[in-house]
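For the record, the sequence lines run as chains L and C.
Residue 75 in numbering that gives the first Met the number 0 is what sits at position 76 of the first sequence, and the numbering runs on without skipping anything.
Residue 169 in numbering that gives the first Met the number 0 is what sits at position 170 of the second sequence, and the numbering runs on without skipping anything.
Since the hints were derived computationally from the structure, they do not count as laboratory data.
Just so you know, not all the hints are guaranteed correct.
Said to hold, decoys possible - Facing chain C, a subset of chain L residues (Cβ under 7 Å, in silico):
1) 158
2) 161
3) 574
4) 575
5) 582
6) 583
7) 652
8) 765
As the list claims (entries may be wrong) - So the derived label-pair ranges between C-beta atoms look like this:
9) 60(C) to 698(L): 54 to 60 Å
10) 468(L) to 44(C): 35 to 41 Å
11) 69(C) to 845(L): 46 to 52 Å
12) 133(L) to 9(C): 54 to 60 Å
13) 43(C) to 601(L): 32 to 38 Å
Idealized CB from N, CA, C, for every residue including glycine.
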Amino acid sequence: MKFRLDPQPLEWIDRSESVSFRFEGQTFSGFSGDSLTSALLAGGQKLLGRSFKYHRPRSVLSMANHDVNALFQSSDATNIRGDVTPVSEGVDLRACNVNGTLANDKDRYIGLLSRFLPVGFYYKTFHKPKKFFPYWERLIREKAGLGEINTSWSATRQPKRYGFSEVLVIGAGPSGMQAALSAAEAGADVVLVDENPRIGGSLDYQLANEEAAAKVRADLKSRISNNAKIRLMEAHYAAGWYTDHYVPLVGPEGITKMRAEQVIMATGVMEQPSVFRNNDLPGVMLASAAQRLIARYAVKPGQRAVVLCGNDEGYRAALDLIAAGVEVAAVVDLERVGKRGEWAKQVQAQGITVLDHSAIYEAQGKGALSAVVVAPFNGKGCDAGKSHVIPCDLLLMSVGWAPAAQMLYQAGAKLGYASQAEQILPRELPQGIHACGRLNGAFTLEQRLADGSRAAREALAQLRGEAVVSELTVHRDTQSHSHPWPIIGHPKGKNFLDIDEDLQLKDLINAAKEGFDNIELMKRFSTNGMGPSQGKHSNMNGIRVLASVTGKTIDETGSTTARPMFHPVPVSALAGRRFRPERLTPMHQWHLKHGARMMEAGQWQRPEFYAPSTAAGAVTAAQREQSIVQEVQAVRSGLGLIDVSTLGKIEVMGPDAGRLLDVVYTMKMSTIKIGMTRYALAVDDSGVIIDDGIVGRIAEDRFYVTATTSHAAAAFRTLSLKIQELGLNVRLANLTGSLAAMNLAGPASRKVLSALTDVDLSEESFPYLGMREGTLLGYPVRLIRVGFVGELGYEIHLPANAALEVWEKLMDVGSAHAIRPFGVEAQRVLRLEKGHIIVGQDTDGLTNPFEANMSWAVPLKSKPWFTGKPSLARLKNSCERRLIGFRLPQGFSPKSSSEMPKECHLIIQDGEISGRITSIAYSPSLGRIIGLAMVDLPLADANVPMQVKVDSGAFVAIEPCATPFYDADGARQTADLTEVA
Amino acid sequence: MNANASPEMSNLSLSARDDLSGYLLTGPVSAEALAGSGLPLPQSQLTALELNGALVARTGTDEYMAFVPVGQEWAGCEWCFPRNDRVLVVQGEGWIELMLQLCQFDFRKMQPGDWLMASVAGVNCWLYREQQGGALMIGFDAGYDHYLSEIFSTLVRELGGKDLTKGGAL
Numbered sequence: 000m001k002f003r004l005d006p007q008p009l010e011w012i013d014r015s016e017s018v019s020f021r022f023e024g025q026t027f028s029g030f031s032g033d034s035l036t037s038a039l040l041a042g043g044q045k046l047l048g049r050s051f052k053y054h055r056p057r058s059v060l061s062m063a064n065h066d067v068n069a070l071f072q073s074s075d076a077t078n079i080r081g082d083v084t085p086v087s088e089g090v091d092l093r094a095c096n097v098n099g100t101l102a103n104d105k106d107r108y109i110g111l112l113s114r115f116l117p118v119g120f121y122y123k124t125f126h127k128p129k130k131f132f133p134y135w136e137r138l139i140r141e142k143a144g145l146g147e148i149n150t151s152w153s154a155t156r157q158p159k160r161y162g163f164s165e166v167l168v169i170g171a172g173p174s175g176m177q178a179a180l181s182a183a184e185a186g187a188d189v190v191l192v193d194e195n196p197r198i199g200g201s202l203d204y205q206l207a208n209e210e211a212a213a214k215v216r217a218d219l220k221s222r223i224s225n226n227a228k229i230r231l232m233e234a235h236y237a238a239g240w241y242t243d244h245y246v247p248l249v250g251p252e253g254i255t256k257m258r259a260e261q262v263i264m265a266t267g268v269m270e271q272p273s274v275f276r277n278n279d280l281p282g283v284m285l286a287s288a289a290q291r292l293i294a295r296y297a298v299k300p301g302q303r304a305v306v307l308c309g310n311d312e313g314y315r316a317a318l319d320l321i322a323a324g325v326e327v328a329a330v331v332d333l334e335r336v337g338k339r340g341e342w343a344k345q346v347q348a349q350g351i352t353v354l355d356h357s358a359i360y361e362a363q364g365k366g367a368l369s370a371v372v373v374a375p376f377n378g379k380g381c382d383a384g385k386s387h388v389i390p391c392d393l394l395l396m397s398v399g400w401a402p403a404a405q406m407l408y409q410a411g412a413k414l415g416y417a418s419q420a421e422q423i424l425p426r427e428l429p430q431g432i433h434a435c436g437r438l439n440g441a442f443t444l445e446q447r448l449a450d451g452s453r454a455a456r457e458a459l460a461q462l463r464g465e466a467v468v469s470e471l472t473v474h475r476d477t478q479s480h481s482h483p484w485p486i487i488g489h490p491k492g493k494n495f496l497d498i499d500e501d502l503q504l505k506d507l508i509n510a511a512k513e514g515f516d517n518i519e520l521m522k523r524f525s526t527n528g529m530g531p532s533q534g535k536h537s538n539m540n541g542i543r544v545l546a547s548v549t550g551k552t553i554d555e556t557g558s559t560t561a562r563p564m565f566h567p568v569p570v571s572a573l574a575g576r577r578f579r580p581e582r583l584t585p586m587h588q589w590h591l592k593h594g595a596r597m598m599e600a601g602q603w604q605r606p607e608f609y610a611p612s613t614a615a616g617a618v619t620a621a622q623r624e625q626s627i628v629q630e631v632q633a634v635r636s637g638l639g640l641i642d643v644s645t646l647g648k649i650e651v652m653g654p655d656a657g658r659l660l661d662v663v664y665t666m667k668m669s670t671i672k673i674g675m676t677r678y679a680l681a682v683d684d685s686g687v688i689i690d691d692g693i694v695g696r697i698a699e700d701r702f703y704v705t706a707t708t709s710h711a712a713a714a715f716r717t718l719s720l721k722i723q724e725l726g727l728n729v730r731l732a733n734l735t736g737s738l739a740a741m742n743l744a745g746p747a748s749r750k751v752l753s754a755l756t757d758v759d760l761s762e763e764s765f766p767y768l769g770m771r772e773g774t775l776l777g778y779p780v781r782l783i784r785v786g787f788v789g790e791l792g793y794e795i796h797l798p799a800n801a802a803l804e805v806w807e808k809l810m811d812v813g814s815a816h817a818i819r820p821f822g823v824e825a826q827r828v829l830r831l832e833k834g835h836i837i838v839g840q841d842t843d844g845l846t847n848p849f850e851a852n853m854s855w856a857v858p859l860k861s862k863p864w865f866t867g868k869p870s871l872a873r874l875k876n877s878c879e880r881r882l883i884g885f886r887l888p889q890g891f892s893p894k895s896s897s898e899m900p901k902e903c904h905l906i907i908q909d910g911e912i913s914g915r916i917t918s919i920a921y922s923p924s925l926g927r928i929i930g931l932a933m934v935d936l937p938l939a940d941a942n943v944p945m946q947v948k949v950d951s952g953a954f955v956a957i958e959p960c961a962t963p964f965y966d967a968d969g970a971r972q973t974a975d976l977t978e979v980a
Numbered sequence: 000m001n002a003n004a005s006p007e008m009s010n011l012s013l014s015a016r017d018d019l020s021g022y023l024l025t026g027p028v029s030a031e032a033l034a035g036s037g038l039p040l041p042q043s044q045l046t047a048l049e050l051n052g053a054l055v056a057r058t059g060t061d062e063y064m065a066f067v068p069v070g071q072e073w074a075g076c077e078w079c080f081p082r083n084d085r086v087l088v089v090q091g092e093g094w095i096e097l098m099l100q101l102c103q104f105d106f107r108k109m110q111p112g113d114w115l116m117a118s119v120a121g122v123n124c125w126l127y128r129e130q131q132g133g134a135l136m137i138g139f140d141a142g143y144d145h146y147l148s149e150i151f152s153t154l155v156r157e158l159g160g161k162d163l164t165k166g167g168a169l
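Construct the complete structure from the given sequences, taking the supplied hints into account.
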């Protein structure tokens with residue numbers, strides 16, 4: 000570790016614990032607390048990565064979680080940010096985006112072609128001829144990219160948690176710490192969050208050697224650690240702002256979703272680079288990066304340095320370099336040294352050469368910085384004819400700052416350019432949002448502390464509902480800390496403005512000249528700010544360049560939007576713990592025990608079909624088909640039992656119950672006789688079918704409603720809403736979970752059921768569509784004679800805790816009639832044979848009842864009002880499609896699965912899409928394949944063969960036919976065929 | 000152990016209440032029916048009262064959820080429906096940390112005797128803090144038992160507690 004300094008007073012590393020790791024095949028060692036980058040630099044490894052497009056050598060820029068050219072790949076992760084990721088024992092790393100090795104990247108010569116890769120070349124070059132685009136796309140992805148994803152990596156999930164606070168302070172620099180203390184000492188419940196593993200912010204690296212700051216630091220940290228009202232969340236970054244002050248805090252263990260009543264943003268500023276030729280060479284870095292390396296990691300950033308200054312902070316950095324044993328060859332000031340403060344005097348007092356009114360015209364070096372070319376600077380450009388060379392291996396850039404204001408923008412704050420500060424500053428903040436510190440233009444330590452207190456005061460006042468006059472601008476510095484034009488042109492270019500995307504100054508100028516002269520357009524055309532650092536180093540200079548080209552002010556030019564989350568968040572953190580509610584019926588274990596293959600139906604698990612276990616475990620497609628056919632045949636010929644507990648079951652009670660149901664469903668429900676049921680079709684206000692079920696009448700003021708499995712909760716919500724909207728005297732009870740239900744269907748159903756219940760099941764007493772209450776095995780039951788599957792059958796609704804016993808008894812007694820449990824797939828076939836639709840399968844988000852051949856369920860004339868009636872009255876004569884029945888030729892036998900028509904396959908007529916299949920299945924009862932299709936008019940009425948395009952690309956003919964396909968007059972569901980026989 | 004766990008959480012535990020029968024009462028005579036059966040009658044909506052082992056919550060103008068000890072006789076009313084709830088109980092230090100991972104309610108504000116209806120891990124639940132001891136009861140449709148019990152059990156164990164529904168006491 001030849002570049003490791005003696006212990007620094009505030010260093011993060013633990014020198015008692017060494018850590019060994021590998022990088023590009025070489026072994027390095029560091030200390031616990033080192034970042035990957037600091038450990039590599041300490042070991043003399045200056046080259047850390049290659050650039051995105053030209054594969055240029057790159058190294059440290061910020062050490063602030065923005066170093067996108069120091070991204071590493073390990074065996075189980077990629078795009079690891081070296082500047083902030085702690086080093087860990089044994090990790091084996093290589094650089095991302097390298098062809099070969101980092102040192103001998105085979106793609107490093109791409110830069111020689113840069114003149115052929117102007118701004119927007121992606122858009123201009125590869126779209127013709129179209130057939131070659133896949134080739135170019137693949138090539139570009141290989142050559143220009145980031146890390147590689149390995150799809151064999153195991154998925155990881157980090158739990159999320161919710162958090163709450165009265166005051167959330169984001170950023171634990173001096174102003175943030177002071178704000179947190181002021182708020183907490185006034186009694187507020189405070190969360191103080193900082194992205195770094197330790198609080199202190201710039202106080203601990205920029206002012207690490209300032210005696211005056213030491214006392215402040217000790218005092219702030221001590222009071223924070225002793226204040227029980229402050230919850231400190233180190234190593235967490237606020238990734239965005241969402242409505243009602245909902246702020247995701249991303250930490251090593253995952254995301255905390257913090258809900259705050261007041262948010263104080265003390266997020267500070269991001270140091271901005273200067274633009275000059277070869278400003279990306281390893282050895283060129285931001286001044287604050289060098290200060291972080293020294294103060295946090297005790298790493299000497301170079302041997303001989305030049306410091307480029309556009310503010311006082313550069314002089315502070317020069318002093319820190321001297322203290323770290325770095326030779327400072329010169330300080331180059333963009334302006335007059337006389338306007339600088341105390342730090343400049345200290346630098347001069349140490350005999351350091353200060354070249355003012357000068358700039359770096361060019362950095363030189365092969366693979367790393369070896370010298371800089373300094374030239375006189377007039378505020379806009381350099382006089383290259385008067386340049387001279389200064390040998391050095393380190394160049395610090397201290398030319399200005401951009402506010403870390405992404406979340407202020409997201410919260411709706413208004414910001415504007417303050418020419419006195421040469422920085423974008425907040426002008427107007429929304430309720431509950433506060434800004435302080437350097438983000439707000441307060442730069443001296445005194446200003447930052449006072450501004451933190453001020454922000455806390457205003458947050459507390461808002462928290463208590465007190466009127467407050469904002470003093471947002473009171474503690475701002477009157478001196479500029481940013482240079483308005485740290486951008487130096489060069490005829491040979493390579494003066495990078497966005498090092499994420501290898502964008503040069505000329506690229507942005509050319510983009511603007513090509514007409515992309517709006518900041519958002521320029522961003523997208525040039526890709527400025529679209530790399531991993533999302534413009535944190537390039538946006539401000541991009542705005543300056545565009546403003547210069549267009550002759551507008553910074554405010555007139557505007558800024559791009561930083562959407563939440565504005566900083567990369569691991570997918571594992573976004574994924575969170577898996578919360579996927581799963582609901583089981585009382586018969587679930589029975590189903591599993593009897594070979595059920597389960598499927599999801601909304602949140603419910605339902606048997607898809609039942610098949611005996613095989614030695615191989617999995618059921619083949621043929622076995623599946625065979626099971627479904629056998630289940631269908633059992634219902635048609637004997638007896639079947641299906642678990643329909645998943646149906647929505649709602650009791651509707653009260654004097655206005657009938658009126659409510661008349662409003663919600665298309666057909667009139669208030670006229671149902673007690674003990675009878677009626678089909679219930681629900682449409683929304685636009686007339687689109689949303690649900691169906693039945694409504695049964697229990698008493699004059701009491702109804703029983705069923706809804707489809709997936710729409711049960713929505714049906715309950717709709718009923719509740721209508722009660723409120725119409726002020727009806729109705730009560731609801733959602734019995735979906737407390738009642739189970741099963742459907743006993745088949746010719747033998749009456750015989751089997753009658754032996755177990757006290758309800759009279761005779762045709763005279765209990766007709767089709769009737770509903771009766773009684774007991775079954777001693778349990779209270781509600782029996783409903785409905786015919787979804789087209790056979791004599793009874794839906795049995797009963798308490799959930801009685802369901803399993805009743806189910807088992809029915810299976811036992813039904814065994815004499817070859818009873819079979821049947822699943823969802825058999826039920827789908829059975830109802831298809833009857834031509835019944837399934838809402839959501841045979842209908843889509845636009846289907847109205849007329850299109851579904853259900854005009855019989857839309858009494859436009861006889862019923863004064865129901866939800867959706869006005870829309871349906873208009874739609875009645877303007878249908879453009881219709882659901883039709885179809886069948887395939889008898890004996891149709893596709894050569895393979897890809898030749899078989901399937902649901903969602905398109906009907907093609909004269910080369911145009913004319914419809915799609917909504918349901919299709921083999922009908923055991925008919926011995927052929929049947930289906931439903933939504934077909935455009937007038938083709939749907941033409942009764943001519945149609946062509947379906949199948950997976951293989953071939954066309955298969957289908958024949959339209961009438962529905963129902965089976966038992967057209969409905970005799971089987973209204974008669975006991977066993978008695979007839 | 001979860002990063003948010005602390006040694007104090009070791010007395011965190013998950014158990015189940017199988018000794019209650021739940022009912023939904025609604026309509027104009029519901030309050031009368033409760034009072035007539037000697038059950039408590041909460042005065043405000045979304046509040047609950049305990050009495051002699053029974054718990055009654057007022058969930059609407061004249062809608063109540065009543066949980067009475069299994070086997071206890073009571074009259075009910077015309078619009079009274081048995082519920083099929085599963086009731087889990089979380090108690091001990093760390094119950095707030097546990098709930099913070101499942102529900103976006105600030106449980107620091109939930110005092111003994113408070114009643115809440117909220118989504119927990121995506122499932123509609125009712126929650127009640129017992130007057131004595133402050134244990135948190137979580138009730139939900141029994142169809143979700145498999146899903147929610149697994150989640151609670153996992154979290155309790157991650158936080159260093161015990162799942163007493165699966166013999167964790169042993």
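Hint check results:
With a cut of 7 Å, the hint placing residue 158(L) at the interface with chain C holds, because the nearest CB-to-CB distance is about 6 Å. With a cut of 7 Å, the hint placing residue 161(L) at the interface with chain C holds, because the nearest CB-to-CB distance is about 5 Å. Violation of the interface hint for residue 574(L) is found here, the shortest Cβ-Cβ separation to chain C being roughly 14 Å, above the 7 Å cut-off. With a least beta-carbon distance of about 9 Å to chain C, the hint placing residue 575(L) at the interface is violated under the 7 Å criterion.
Contact between residue 582(L) and chain C, as hinted, is supported at the beta carbon level, the nearest pair being about 4 Å apart and thus within 7 Å. The beta carbon of residue 583(L) comes within 5 Å of a beta carbon in chain C, closer than 7 Å, and the hint placing it at the interface holds. Annotation: residue 652(L) was flagged as interfacial toward chain C, and the flag holds, the nearest CB pair being 6 Å apart, inside 7 Å. Interface hint at residue 765(L): violated, since its Cβ lies 24 Å from the closest Cβ of chain C, which is beyond the 7 Å cut-off.
A beta carbon spacing of about 22 Å between residue 60(C) and residue 698(L) contradicts the range 54 to 60 Å that was offered as a hint. At roughly 40 Å, the beta carbons of residue 468(L) and residue 44(C) sit within the given window of 35 to 41 Å. Between residue 69(C) and residue 845(L) the Cβ separation comes to about 51 Å, which falls inside the hinted range of 46 to 52 Å. Checked against the hint of 54 to 60 Å, the pair residue 133(L) and residue 9(C) passes, with Cβ atoms roughly 59 Å apart.
Remark: the range hint 32 to 38 Å for residue 43(C) to residue 601(L) is upheld by a beta-carbon distance near 34 Å.
Violated hints for the displayed structure, listed by number in ascending order: 3, 4, 8, 9.
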